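Engineer: Residues per chain, in single letters:
2 protein chains.
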Amino acid sequence: MESKGISKAVINRLPRYYRYLGVLMDQGIERISSAELSRRMNVTASQIRQDLNLFGGFGQQGYGYNVAHLYEEIGKILGLDKSYSLIVIGAGRLGQAISSYFGFEKRGFRIEAIFDRNPDKYGGASIRGTRIYPLEDLKEYLKHNRIDIAVLTVPADSARAVTPVIVEGGVRGIWNFAHTDLDVPDSVTVQSVHLSESLMQLSYKINH
Amino acid sequence: MESKGISKAVINRLPRYYRYLGVLMDQGIERISSAELSRRMNVTASQIRQDLNLFGGFGQQGYGYNVAHLYEEIGKILGLDKSYSLIVIGAGRLGQAISSYFGFEKRGFRIEAIFDRNPDKYGGASIRGTRIYPLEDLKEYLKHNRIDIAVLTVPADSARAVTPVIVEGGVRGIWNFAHTDLDVPDSVTVQSVHLSESLMQLSYKINH
Numbered sequence: 145m146e147s148k149g150i151s152k153a154v155i156n157r158l159p160r161y162y163r164y165l166g167v168l169m170d171q172g173i174e175r176i177s178s179a180e181l182s183r184r185m186n187v188t189a190s191q192i193r194q195d196l197n198l199f200g201g202f203g204q205q206g207y208g209y210n211v212a213h214l215y216e217e218i219g220k221i222l223g224l225d226k227s228y229s230l231i232v233i234g235a236g237r238l239g240q241a242i243s244s245y246f247g248f249e250k251r252g253f254r255i256e257a258i259f260d261r262n263p264d265k266y267g268g269a270s271i272r273g274t275r276i277y278p279l280e281d282l283k284e285y286l287k288h289n290r291i292d293i294a295v296l297t298v299p300a301d302s303a304r305a306v307t308p309v310i311v312e313g314g315v316r317g318i319w320n321f322a323h324t325d326l327d328v329p330d331s332v333t334v335q336s337v338h339l340s341e342s343l344m345q346l347s348y349k350i351n352h
Numbered sequence: 145m146e147s148k149g150i151s152k153a154v155i156n157r158l159p160r161y162y163r164y165l166g167v168l169m170d171q172g173i174e175r176i177s178s179a180e181l182s183r184r185m186n187v188t189a190s191q192i193r194q195d196l197n198l199f200g201g202f203g204q205q206g207y208g209y210n211v212a213h214l215y216e217e218i219g220k221i222l223g224l225d226k227s228y229s230l231i232v233i234g235a236g237r238l239g240q241a242i243s244s245y246f247g248f249e250k251r252g253f254r255i256e257a258i259f260d261r262n263p264d265k266y267g268g269a270s271i272r273g274t275r276i277y278p279l280e281d282l283k284e285y286l287k288h289n290r291i292d293i294a295v296l297t298v299p300a301d302s303a304r305a306v307t308p309v310i311v312e313g314g315v316r317g318i319w320n321f322a323h324t325d326l327d328v329p330d331s332v333t334v335q336s337v338h339l340s341e342s343l344m345q346l347s348y349k350i351n352h
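So the protein sequences, as listed, match chains A and B. The working numbering applies: residue 145 is where the first sequence begins, and numbers increase by one. The working numbering applies: residue 145 is where the second sequence begins, and numbers increase by one.
The following block holds chain A by itself, in its conformation from the complex (with noise of 0.2 Å):
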């Protein structure tokens, strides 16, 4: 599989690709052309066959795309082949609602804890059989567990505080819900999802 050269774009495509070509798998469609795609995705079959050609021919001519293929394909790309490790920081809703979404777990994204400044807040109790434990046995919690990636949902303050212990915990990817940006070196990655931001750019597009 190469995938070198391939522009963040397409990258940011991919995972809709790989929706709606679970949804085929789901109704049954082992193999679906260009055209047929195209008009379920919204997007130009041109598009779909520059796209997925990058991958290496898993169109042909007259046949079209097999489906349960080109999902496994375009999975390994992703790195969905593979599990990772996910810890929580934050037990607020936004916090519980990540922990509880079993839809990361059946992709591989397993979360193995969850850490509050206040566990005591939530009764010692546990979000879907996931402990939550106390902030500051994070660290300690990193020395003996190996964790890809932290989820963080607390506000922009702790975020900005606690990078720097996940970062040291060799954490390789930061889930960033916190209205902020974070300093981290180039061997950590952070993807953010800002809610305001977002909200904003459709405040922008009501009214444009």
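If you are wondering where the hints come from, they were derived from the structure by calculation, not from laboratory data. Be aware that one or more of the hints could be misleading.
Note that the list lumps identical chains together, so a pair holds whenever it fits in one copy or between two copies.
Stated by the list, open to error - Derived DSS-like pairs (lysine-lysine); straight-line CA-CA distance at most 30 Å:
1. Lys-152 x Lys-349
2. Lys-226 x Lys-152
3. Lys-349 x Lys-220
Fair warning: this is a prediction, and the values are worked out from it, not measured in the lab.
Got chain A; can you put chain B on it based on the hints?
Structural biologist: Quick look at chain B alone, frame taken from chain A:
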């Protein structure tokens, strides 16, 4: 305020400028040079000048940008000088997280009502004072209340099923958290937050 012909890429960057300018205001900083803003935002000074000049000469040579003025003008472009009425459809954990986040209200996004297929599940309760109504009342509710934005925090099937009701009810924008695209007329704007896709982009980046 001339904002025609502004590219989508610039629009996508505006909320981030807005966030940084808000932090500067909180810190009591009244003016800032493009060089200093560049250092803080980790964007080239020439991009900053290019982006902000589109809105007509806010920067002055040797003086820099007037933070409060720029903040206000970008806010206007984003439509944040107006207020918006919202409903949240889906009172699950994500719906609760969105409904209880006070930061949106501060920006003029007022959540007027929450709808759920099974409001009894939540004890006929309200979230931060906002009442949860049965989903079957949505159509009638929209006849009597002007709602600008509907937030969808329901599964994909339910999101597609409720969309025609929302569209007929005169809603102008949909903030969609469901793992599906939505079919709407041109008069309605959909802004999607696909959490699974964001996590897949993170796993891609961790592996490359």
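Engineer: Determine for every hint whether it applies to the structure shown.
Structural biologist: Okay, the hints, checked on the actual structure:
1. In this assembly of identical chains, Lys-152 and Lys-349 lie within 30 Å of each other by CA distance both inside one copy and across copies; the values are 24 Å within and 10 Å between.
2. Taking the shortest Cα distances, Lys-226 and Lys-152 sit within 30 Å of each other inside one copy (21 Å), while across copies they are farther apart (34 Å).
3. In the homo-oligomer, the alpha carbons of Lys-349 and Lys-220 lie at most 30 Å apart only across protomers (12 Å), although the nearest pairing inside one protomer, at 35 Å, exceeds that limit.
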